[in-house]
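Line by line, the protein sequences are chains A and B. Note that UniProt numbering numbers the first sequence so that position 95 is 95, with each residue one more than the last. Note that UniProt numbering numbers the second sequence so that position 328 is 328, with each residue one more than the last.
Certain hints may be false.
[As the list claims (entries may be wrong)] Each computed BS3-like pair below joins lysine-lysine, with the alpha-carbon atoms no more than 30 Å apart:
id : chain 1 : residue 1 : chain 2 : residue 2
1  : A       : Lys300    : A       : Lys314
2  : B       : Lys247    : B       : Lys236
3  : A       : Lys236    : B       : Lys177
4  : B       : Lys247    : A       : Lys262
5  : A       : Lys236    : B       : Lys247
6  : A       : Lys345    : A       : Lys89
7  : B       : Lys262    : B       : Lys177
8  : B       : Lys236    : A       : Lys247
9  : B       : Lys236    : A       : Lys154
10 : A       : Lys262    : B       : Lys262
11 : B       : Lys247    : A       : Lys247
[Claimed, not checked] Non-contacting residues of chain A with respect to chain B, defined by C-beta distances greater than 12 Å in every case (computed):
id : residue
12 : Ser57
13 : Asp122
14 : Ile150
15 : Lys154
16 : Asp231
17 : Gly235
18 : Asn243
19 : Arg267
20 : Glu268
21 : Asn275
22 : Gly278
23 : Gln284
24 : Ser290
25 : Glu322
[Stated by the list, open to error] Simulated restraints, written as ranges between beta carbons of each label pair:
id : chain 1 : residue 1 : chain 2 : residue 2 : range
26 : B       : Gly180    : A       : Pro123    : 54 to 62 Å
27 : B       : Asn72     : A       : Asn224    : 47 to 55 Å
28 : B       : Asn72     : A       : Glu191    : 47 to 55 Å
29 : A       : Asn224    : B       : Gly61     : 54 to 62 Å
30 : A       : Glu191    : B       : Asn248    : 56 to 64 Å
31 : A       : Asp213    : B       : Gly61     : 17 to 25 Å
32 : A       : Ser36     : B       : Asn248    : 50 to 58 Å
33 : A       : Asn72     : B       : Asp215    : 23 to 31 Å
34 : A       : Asp90     : B       : Pro155    : 38 to 46 Å
35 : A       : Thr118    : B       : Glu211    : 41 to 49 Å
36 : B       : Asp125    : A       : Asp213    : 55 to 63 Å
37 : A       : Arg119    : B       : Gly201    : 48 to 56 Å
38 : B       : Gly156    : A       : Arg119    : 36 to 44 Å
39 : A       : Lys89     : B       : Gly156    : 43 to 51 Å
The hints are simulated quantities; they were obtained by calculation from the structure and are not laboratory data. Computed from a prediction, not measured in an experiment: that's the story for all the values here. By construction, the Cβ of each residue, glycine as well, lies at the ideal position given by its N, Cα and C atoms.
2 protein chains.
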Amino acid sequence: MAVVESREWYLASYAPEGVPTSDHLKLRTVTLSLDSIPERHVVLETLFISVEPYLRSRVTGREDGLYTPQFNLNEVLSTFGVGRVIRSKDSDYVEGDIVVSPLTPFAEYGVVPSQLLTRKIDPNDGIPLPEYISLLGVPGFAAWVGIEVIADPKPGSNVFISAAAGAVGMYAGQLAKLRGCRVIGSTGSDEKVRLLKEEFGYDDAFNYHTETDFDAALSNYFPNGIDVYLDNVGGKMLEAVLNHVNKNAKIPLCGMISGYNKVWTEREGVRNLLNLIGKEVNMQGFMVGSYLHRFGDFAKDMESHLKQGKIGSKLKIFHGIETFLESLGSLFTSSNVGKVIVQVK
Amino acid sequence: MAVVESREWYLASYAPEGVPTSDHLKLRTVTLSLDSIPERHVVLETLFISVEPYLRSRVTGREDGLYTPQFNLNEVLSTFGVGRVIRSKDSDYVEGDIVVSPLTPFAEYGVVPSQLLTRKIDPNDGIPLPEYISLLGVPGFAAWVGIEVIADPKPGSNVFISAAAGAVGMYAGQLAKLRGCRVIGSTGSDEKVRLLKEEFGYDDAFNYHTETDFDAALSNYFPNGIDVYLDNVGGKMLEAVLNHVNKNAKIPLCGMISGYNKVWTEREGVRNLLNLIGKEVNMQGFMVGSYLHRFGDFAKDMESHLKQGKIGSKLKIFHGIETFLESLGSLFTSSNVGKVIVQVK
Numbered sequence: 001m002a003v004v005e006s007r008e009w010y011l012a013s014y015a016p017e018g019v020p021t022s023d024h025l026k027l028r029t030v031t032l033s034l035d036s037i038p039e040r041h042v043v044l045e046t047l048f049i050s051v052e053p054y055l056r057s058r059v060t061g062r063e064d065g066l067y068t069p070q071f072n073l074n075e076v077l078s079t080f081g082v083g084r085v086i087r088s089k090d091s092d093y094v095e096g097d098i099v100v101s102p103l104t105p106f107a108e109y110g111v112v113p114s115q116l117l118t119r120k121i122d123p124n125d126g127i128p129l130p131e132y133i134s135l136l137g138v139p140g141f142a143a144w145v146g147i148e149v150i151a152d153p154k155p156g157s158n159v160f161i162s163a164a165a166g167a168v169g170m171y172a173g174q175l176a177k178l179r180g181c182r183v184i185g186s187t188g189s190d191e192k193v194r195l196l197k198e199e200f201g202y203d204d205a206f207n208y209h210t211e212t213d214f215d216a217a218l219s220n221y222f223p224n225g226i227d228v229y230l231d232n233v234g235g236k237m238l239e240a241v242l243n244h245v246n247k248n249a250k251i252p253l254c255g256m257i258s259g260y261n262k263v264w265t266e267r268e269g270v271r272n273l274l275n276l277i278g279k280e281v282n283m284q285g286f287m288v289g290s291y292l293h294r295f296g297d298f299a300k301d302m303e304s305h306l307k308q309g310k311i312g313s314k315l316k317i318f319h320g321i322e323t324f325l326e327s328l329g330s331l332f333t334s335s336n337v338g339k340v341i342v343q344v345k
Numbered sequence: 001m002a003v004v005e006s007r008e009w010y011l012a013s014y015a016p017e018g019v020p021t022s023d024h025l026k027l028r029t030v031t032l033s034l035d036s037i038p039e040r041h042v043v044l045e046t047l048f049i050s051v052e053p054y055l056r057s058r059v060t061g062r063e064d065g066l067y068t069p070q071f072n073l074n075e076v077l078s079t080f081g082v083g084r085v086i087r088s089k090d091s092d093y094v095e096g097d098i099v100v101s102p103l104t105p106f107a108e109y110g111v112v113p114s115q116l117l118t119r120k121i122d123p124n125d126g127i128p129l130p131e132y133i134s135l136l137g138v139p140g141f142a143a144w145v146g147i148e149v150i151a152d153p154k155p156g157s158n159v160f161i162s163a164a165a166g167a168v169g170m171y172a173g174q175l176a177k178l179r180g181c182r183v184i185g186s187t188g189s190d191e192k193v194r195l196l197k198e199e200f201g202y203d204d205a206f207n208y209h210t211e212t213d214f215d216a217a218l219s220n221y222f223p224n225g226i227d228v229y230l231d232n233v234g235g236k237m238l239e240a241v242l243n244h245v246n247k248n249a250k251i252p253l254c255g256m257i258s259g260y261n262k263v264w265t266e267r268e269g270v271r272n273l274l275n276l277i278g279k280e281v282n283m284q285g286f287m288v289g290s291y292l293h294r295f296g297d298f299a300k301d302m303e304s305h306l307k308q309g310k311i312g313s314k315l316k317i318f319h320g321i322e323t324f325l326e327s328l329g330s331l332f333t334s335s336n337v338g339k340v341i342v343q344v345k
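Same shape as in the complex, but just chain A (with noise of 0.2 Å):
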C-alpha cells in the first residue's frame, strides 16, 4: 500500500491575543494512505500556499459569529493551495493536473473532496504558479471587488489605501491606477514607498511609522479630499480618514489589520463616525466569498491585466513547510512586502 509521510500545521491551543506562536500552531508528521482515499477525493501534493490575514481571525477561539469560523482544536490549518494531484479518485483528474483549492490543507500532501478543486490550471498559459494564489487568488480578487466592484471610482478620483503595499493593497492602487484615479497609499517602510511608486505606479506614498500624524499627512496628500478609502487596517488611520473624506465618499472595508491581534474591546474605537453623515459616505463591508459570481470576470479582467504587463505582483515566497508560523508573523509586522507565500514543494 502507497503511503507518503506528511508533515502539517495543526491547532494545539487558541491565541486570544498576540501573534500566534508555536504554542498555539505546531508542526507534526503524519502517515498518509494513498489508495485508500474516498470516492470523488483526490490527494493532492502543495505546491503553493497563500498566508493570509484573516487565518488570525480563525484562531482566536472566539466563536462571536462575526468573521469567519474558527478552526478546532487538533485541525490542520487550510487556506487557498496550489496543488498537484497525485491520485484521483474522480474521473474529472488525473495524476500531475494542477489545480488551486480554497480548502488546501497546510499540509505537504492533502485529501481532498474534488468539488473544493476550484480550477485546473493550464501550464502551458504562461502565468507562474504562485500568481493563481496571489494575483488571481483571493488577494487580486479582494482588490477588484473593492475598486471595481464596491468603489467603482471616476477618472481623477483621489484614493487612498492603506497597508498598501500589502497583497490586497498592491493590486487594488494598480487597478485603480487603470481607472486613471489619483492614487496614494500607507505603508510601513520607505522601502515600501519607494516600491509603490516605482513599482506599482502609485501617485505618492507615505510611511505611516515616521508621518505619524495621520491628519497632517492626509491633508498634506488629499489636498482635494479623499473620495475612496480601500481600508485594510481599520483603527486610527480610518479615524484620520473620516475627517479628510468628500461627499458620497465610498470605503470599501477589507480587513483591518491593526485590530486582529487584540480583543474587540482592547482596538482603537473611532470617534468621528458622524462625519459619516454630514459628507454621506456609504462603508461597505466585504467578504470575496459573497462575489464569487463575479470570478470569471475578475479572472479575465486580471489575465488580461497581467498578459499586457499592466499589472505586476510583488511576491513574498518563504520556502519549506516549517516556514509557516514565521511567514504568519510577517503579516502582522512592518516588514512584510507584496504577497506572502509558502513554497511547499
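Once you have looked at the hints, place chain B on chain A.
Relative to chain A, chain B alone:
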C-alpha cells in the same frame, strides 16, 4: 411706514461643548419695516418653527466642513417653519398665504426670499399646520429616506431604531411596521416605551436608562439578529448593535445625538467595526437635502398614510418664541417625546 416689533434668536457666542445656554443664544427685539422689502421677497409672520438636533452642530464654532456650516455670530438662527405671508413683493404670493420654508428665521417676523418658500399650504386639506414641519417635514422625510430609500427592508426583517420616540424615530418605526417588519426601539423612559408600543405600534421597546447592558438587551430583543438599524444616536448603542448584525445588514446613519454636545475626540469610539466586514454590512450616512428629488414621492406616501390613519405623530409644542432655548435643551434629555416645535403665534 408700517413697522412691526419682532423678537428673534441670534447667536451671541459659540458653544463648543455642552448644551447651549443663554450665554450662547439670546433673544433680542428688532423693528422691521414691512414696506421696504426687496423684490421677490415676502415678510412672514412665523406660526410654527421646527426645533432640530442639527441646529446644535451649527453653533459649535468649529467649521470642520464635515457637517452643516456654522451660523455667524450675531446671525439670526433659521430652520424649517410654517409662516403666514403678511407682505409680498412676489406675484406668486399674496397676504394670508400659509407657506413652508426651510430657512424660516427663528423670529416672530422675518423677511424671506420667495425662492426659499418650498410649499404653499392649502388650509382646506385637513392636515394640521404643525405636521408640515413634522410628519411632512424634515423628521418625516428623514425617516422615509432612511427606511424606504436606504434600508428598503423586506417584510419580516428585524428592524432596530434608537431614539425611537424622537421625531425621526417615531415615523421610522411606523414606516417599517407598514412594510411588515418586526420593529424594536430604544428610548429614554418607561413612559416612552409605553408610547412606542401602544401608540406607534412598535413590537417592543426598551428604556436604555434601565436596561444599561445594551448587549444583553439586544440579545433578548433580537434573538435572530438585526437586519436594519436606523441609527440616531451613535456611540455605545451603535457599538452594541454591531455585535448583533445579520449578514448584509443595513445601517442608515441619520444622526448621532449622543455625540452632538462633545468635541469629536471626546466621543465614544466604536471599537468593533471589524464586524462590518464579517457580516458585510452597509453603513450609509445621509442628509435629507440630497434626496429632495424624492420629496414629492415622500409627501404623496405620507399624506396618504396620514389620511388613512396609518401613521401618527406625537408633537411637543412649546408656546411662545421665548421658549426656544428650553425647547432645544429638551432634545438632549430623555424627557423629550416626539417632535419638538415652537408655536410662535
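Each hint tested on the structure:
no.	hint	in the structure
1	A:Lys300 - A:Lys314	20 Å, holds
2	B:Lys247 - B:Lys236	21 Å, holds
3	A:Lys236 - B:Lys177	38 Å, violated
4	B:Lys247 - A:Lys262	23 Å, holds
5	A:Lys236 - B:Lys247	26 Å, holds
6	A:Lys345 - A:Lys89	23 Å, holds
7	B:Lys262 - B:Lys177	34 Å, violated
8	B:Lys236 - A:Lys247	26 Å, holds
9	B:Lys236 - A:Lys154	36 Å, violated
10	A:Lys262 - B:Lys262	28 Å, holds
11	B:Lys247 - A:Lys247	27 Å, holds
12	Ser57	8 Å, violated
13	Asp122	33 Å, holds
14	Ile150	10 Å, violated
15	Lys154	18 Å, holds
16	Asp231	9 Å, violated
17	Gly235	9 Å, violated
18	Asn243	7 Å, violated
19	Arg267	4 Å, violated
20	Glu268	7 Å, violated
21	Asn275	4 Å, violated
22	Gly278	4 Å, violated
23	Gln284	5 Å, violated
24	Ser290	6 Å, violated
25	Glu322	31 Å, holds
26	B:Gly180 - A:Pro123: 54 to 62 Å	55 Å, holds
27	B:Asn72 - A:Asn224: 47 to 55 Å	26 Å, violated
28	B:Asn72 - A:Glu191: 47 to 55 Å	50 Å, holds
29	A:Asn224 - B:Gly61: 54 to 62 Å	25 Å, violated
30	A:Glu191 - B:Asn248: 56 to 64 Å	40 Å, violated
31	A:Asp213 - B:Gly61: 17 to 25 Å	23 Å, holds
32	A:Ser36 - B:Asn248: 50 to 58 Å	42 Å, violated
33	A:Asn72 - B:Asp215: 23 to 31 Å	26 Å, holds
34	A:Asp90 - B:Pro155: 38 to 46 Å	44 Å, holds
35	A:Thr118 - B:Glu211: 41 to 49 Å	47 Å, holds
36	B:Asp125 - A:Asp213: 55 to 63 Å	57 Å, holds
37	A:Arg119 - B:Gly201: 48 to 56 Å	52 Å, holds
38	B:Gly156 - A:Arg119: 36 to 44 Å	38 Å, holds
39	A:Lys89 - B:Gly156: 43 to 51 Å	44 Å, holds
The structure shown violates the earlier hints numbered 3, 7, 9, 12, 14, 16, 17, 18, 19, 20, 21, 22, 23, 24, 27, 29, 30 and 32.
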